[in-house]
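Quick mapping for you: the protein sequence lines, in order, are chains Z and W. 85 is the number of the first residue of the first sequence in the numbering used here; add one for each residue after it. 2 is the number of the first residue of the second sequence in the numbering used here; add one for each residue after it.
Any given hint might turn out to be false.
[To be verified] On the chain Z side, residues computed to face chain W include the following (Cβ under 10 Å):
(1) R210
(2) R252
(3) W289
[Claimed, not checked] Chain W regions said to be covered by chain Z (calculated; three or more residues, Cβ under 8 Å):
(4) 33-47
(5) 65-76
(6) 92-102
(7) 105-116
Treat the hints as calculated values from the structure; they're not laboratory data. Cβ coordinates follow ideal geometry from the N, Cα and C atoms, glycine included.
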Amino acid sequence: MSAVDLTQFHKTFFEESLEGLDAMEAALLALDSGSTDTELVHTIFRAAHSIKGGAATFGFTDVAAFTHVAESLLEEVRSERRAVEAELIELLLRSVDCLRAMLARSSSGQPVADAESEALRAELVRLVSGEADATAVVAAATVAAVSGWEIGFSALPHLLQTGNDPLRLFRELQQLGRLEVVRAFLLDGAPQLADLDPSSCHLGWELRLHGDVARGDIDAVFDWLDGDCELTIKPLQAASSGNAVAATPQQAPAVVQPEAPAAGRPVRETAVASSEGGTIRVGIDKVDALINMMGELVITQSMLSDIGENFQLSKLEHLRDGLAQLERTTRELQESVMRIRMLPIGSVFNRFPRLVRDLERKLGKQVRLELHGEHTELDKTVMEKIGDPLVHLVRNAIDHGLEMPAQRKAAGKPETGMLKLNAYHEGGNIVVQISDDGAGLNRDAIVAKAQQRGLIQAGQELSDADVAELIFQPGFSTAAQATDLSGRGVGMDVVRRNVRDLGGTVSVRSISGKGSTFTIALPLTLAIIDGLATAIGSERYIVPLISIVESLRLRPETVRKIAGGGEVFHFRDEYVPIMRLHRAFACADAVTDIEQGIVVVVEDDGRRVGLLVDDLLGQQQAVVKSLEAHYQRVQGISGATILSDGSVALIVDVSGVVRLGQRRKAA
Amino acid sequence: MAKILAVDDSASMRGMVAFTLRGAGHEVAEAENGQLALDVARGSSFDLVLADVNMPVMDGLAMVRELRTMDGYKGVPILMLTTESHTEKKMEGKAAGATGWLVKPFDPEQLLATVKRVLG
Numbered sequence: 085m086s087a088v089d090l091t092q093f094h095k096t097f098f099e100e101s102l103e104g105l106d107a108m109e110a111a112l113l114a115l116d117s118g119s120t121d122t123e124l125v126h127t128i129f130r131a132a133h134s135i136k137g138g139a140a141t142f143g144f145t146d147v148a149a150f151t152h153v154a155e156s157l158l159e160e161v162r163s164e165r166r167a168v169e170a171e172l173i174e175l176l177l178r179s180v181d182c183l184r185a186m187l188a189r190s191s192s193g194q195p196v197a198d199a200e201s202e203a204l205r206a207e208l209v210r211l212v213s214g215e216a217d218a219t220a221v222v223a224a225a226t227v228a229a230v231s232g233w234e235i236g237f238s239a240l241p242h243l244l245q246t247g248n249d250p251l252r253l254f255r256e257l258q259q260l261g262r263l264e265v266v267r268a269f270l271l272d273g274a275p276q277l278a279d280l281d282p283s284s285c286h287l288g289w290e291l292r293l294h295g296d297v298a299r300g301d302i303d304a305v306f307d308w309l310d311g312d313c314e315l316t317i318k319p320l321q322a323a324s325s326g327n328a329v330a331a332t333p334q335q336a337p338a339v340v341q342p343e344a345p346a347a348g349r350p351v352r353e354t355a356v357a358s359s360e361g362g363t364i365r366v367g368i369d370k371v372d373a374l375i376n377m378m379g380e381l382v383i384t385q386s387m388l389s390d391i392g393e394n395f396q397l398s399k400l401e402h403l404r405d406g407l408a409q410l411e412r413t414t415r416e417l418q419e420s421v422m423r424i425r426m427l428p429i430g431s432v433f434n435r436f437p438r439l440v441r442d443l444e445r446k447l448g449k450q451v452r453l454e455l456h457g458e459h460t461e462l463d464k465t466v467m468e469k470i471g472d473p474l475v476h477l478v479r480n481a482i483d484h485g486l487e488m489p490a491q492r493k494a495a496g497k498p499e500t501g502m503l504k505l506n507a508y509h510e511g512g513n514i515v516v517q518i519s520d521d522g523a524g525l526n527r528d529a530i531v532a533k534a535q536q537r538g539l540i541q542a543g544q545e546l547s548d549a550d551v552a553e554l555i556f557q558p559g560f561s562t563a564a565q566a567t568d569l570s571g572r573g574v575g576m577d578v579v580r581r582n583v584r585d586l587g588g589t590v591s592v593r594s595i596s597g598k599g600s601t602f603t604i605a606l607p608l609t610l611a612i613i614d615g616l617a618t619a620i621g622s623e624r625y626i627v628p629l630i631s632i633v634e635s636l637r638l639r640p641e642t643v644r645k646i647a648g649g650g651e652v653f654h655f656r657d658e659y660v661p662i663m664r665l666h667r668a669f670a671c672a673d674a675v676t677d678i679e680q681g682i683v684v685v686v687e688d689d690g691r692r693v694g695l696l697v698d699d700l701l702g703q704q705q706a707v708v709k710s711l712e713a714h715y716q717r718v719q720g721i722s723g724a725t726i727l728s729d730g731s732v733a734l735i736v737d738v739s740g741v742v743r744l745g746q747r748r749k750a751a
Numbered sequence: 002m003a004k005i006l007a008v009d010d011s012a013s014m015r016g017m018v019a020f021t022l023r024g025a026g027h028e029v030a031e032a033e034n035g036q037l038a039l040d041v042a043r044g045s046s047f048d049l050v051l052a053d054v055n056m057p058v059m060d061g062l063a064m065v066r067e068l069r070t071m072d073g074y075k076g077v078p079i080l081m082l083t084t085e086s087h088t089e090k091k092m093e094g095k096a097a098g099a100t101g102w103l104v105k106p107f108d109p110e111q112l113l114a115t116v117k118r119v120l121g
């Protein structure tokens, strides 16, 4: 076992391998769409090659064996012995998927090869012409014991220029046995001293190496000098009386197959744990910006401490300037730090060309995918969680939105449908749009389905917006038959919930016959929220601004007591339960009279609750600190933040309290 | 202890090489392709260069050819880190001007042994 712990590089290996597979997939898709750029083939080869090298180094033998075969195949393509055909691309795309799965299993410590990967590997092997499994080739070292060797070694002039040094060779030979320099001589054709180039070598040696030295060991010393010298190696005369022949050549060591993981072996938990804490690659420009800002902060700090050391009233203006500068720098620093977590959305978009291609084939539709704004950056956590909802929307757009080529032609549209993904910043949000030029939402089908599901009454008046809203209702699906793609029991309601969990919104705009556009708006980061600070007794609570519908002082006549001790009030044609936060959070000295306090109406997933607080203190940005990490999970609280006076305020978990409030209403 | 330049586009391989060499007391600079390696090499001097063959932007062979034309690098040992066990492939590196090679996969001990072999 080696002294260096290689597991520390596993995470990097997995990350770069997945990136390599992404690049490989993108290049394969480009080849598939008819590109003849030879650099694409190199990119694909390089990715496979790197994964193979890393996998072998870090002991992922199954992955190494798989990529080895893929690489052999790619080598044939690279050296133009094999044409790039659709079938080959298909096979390599499947290999990409297979490798992704194998890497995922490796990183969680599960058995890596499975029936699928073995079958695919066999398929690759079949395709590789005359593949002799190179891993099985083990040179049979001929070991012949002798008493010594005669070595004639003449350097070619360029020997030194390859970085090889005769001294090194002698040193190595000395380690094998006793080295005797019989003669060192100037080679024929050596220039005169005045013309001698110090980087050229014109020397030769006659050497004797005494002792029981294997020929293979001497060859190993000279292995790098092939083509840089003239070399003769002969057994020493005196000892060459045939005993070398008598020595039996050693058997080539049997090739040891990688041990198959024993069934029932416990999965290594350490590997699972280490794959969780992700890393981020940060551009140097971002780090530099941070360092710049830090420099400014240090300057401002020293300026302020100068003023503070012997403060006079005349310096008040300076103090103000310094504080203004401090505020500015702090804000910039905050933005710079946040930017470190920001990654371009391109890494999510990149999976769509493949998805679209597969869907085209499966459904017999023609789709042109356009990606815009791939460089738009958003928070890493948001990015990881937005992938699935986006995939669902793209699937839906192709499955339900875009029509079959014949239908499109009949409608006077180009046979190839258009699907556009666009990302851009707007205010403090990032907006992602998925638009298609398909049939648009089918109003009649949606209404019929909604009636059948009991979501609406027959004959109910519905605006277009109301109809669009229906598709986000739980369990809604308009597909006449559940297709393989969209009918997986995951509906638009799940998409909306996922987006809401990220503090975002999703909406749809549709024009019949022209297409639909789904718009997702997300906050730039989850680390900072815009909140409304409220007072309850002597404590402060932050309510996320995005959830607030309205804040109002209630008149007593709008409040009703209901069975079970709950209270509701009349708000915009519905009865909304009142949640007395002072009671829920057990705050002393709070306002208990509803007319004296203020009710903040919040909404989550279409359900509303009125939160009773003493007073509103104003809007502010709150940096979210995890309560779980520092204390424990508290029901109705999503985190904590520190206020400007240094005290701690808790952030209300709106969906938690709404659930609590609704339960009370139902009770 | 020696100053070594490690060139590989794979961060894990580069990390492993650099970590192992630093652990043995060497000073290690890293570059992720041939072009960047040349930039690093120009501004400094090294006792040994370890370079991957297949890299984007500029591969290891082109890098060695270029390096051998630069002052201060004419006789510096350069080892190719190659996955090719075929002699023919290994000789490509030699033809470009490399000193020798180390065949991947290698473990930290093999790496240190080879480096010791070159540097003494």
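Quiz item: Checked against the structure, which of the hints given earlier come out wrong?
Solution: Violated hints (numbers, rising): 1, 3, 4; every other hint is consistent with the structure.
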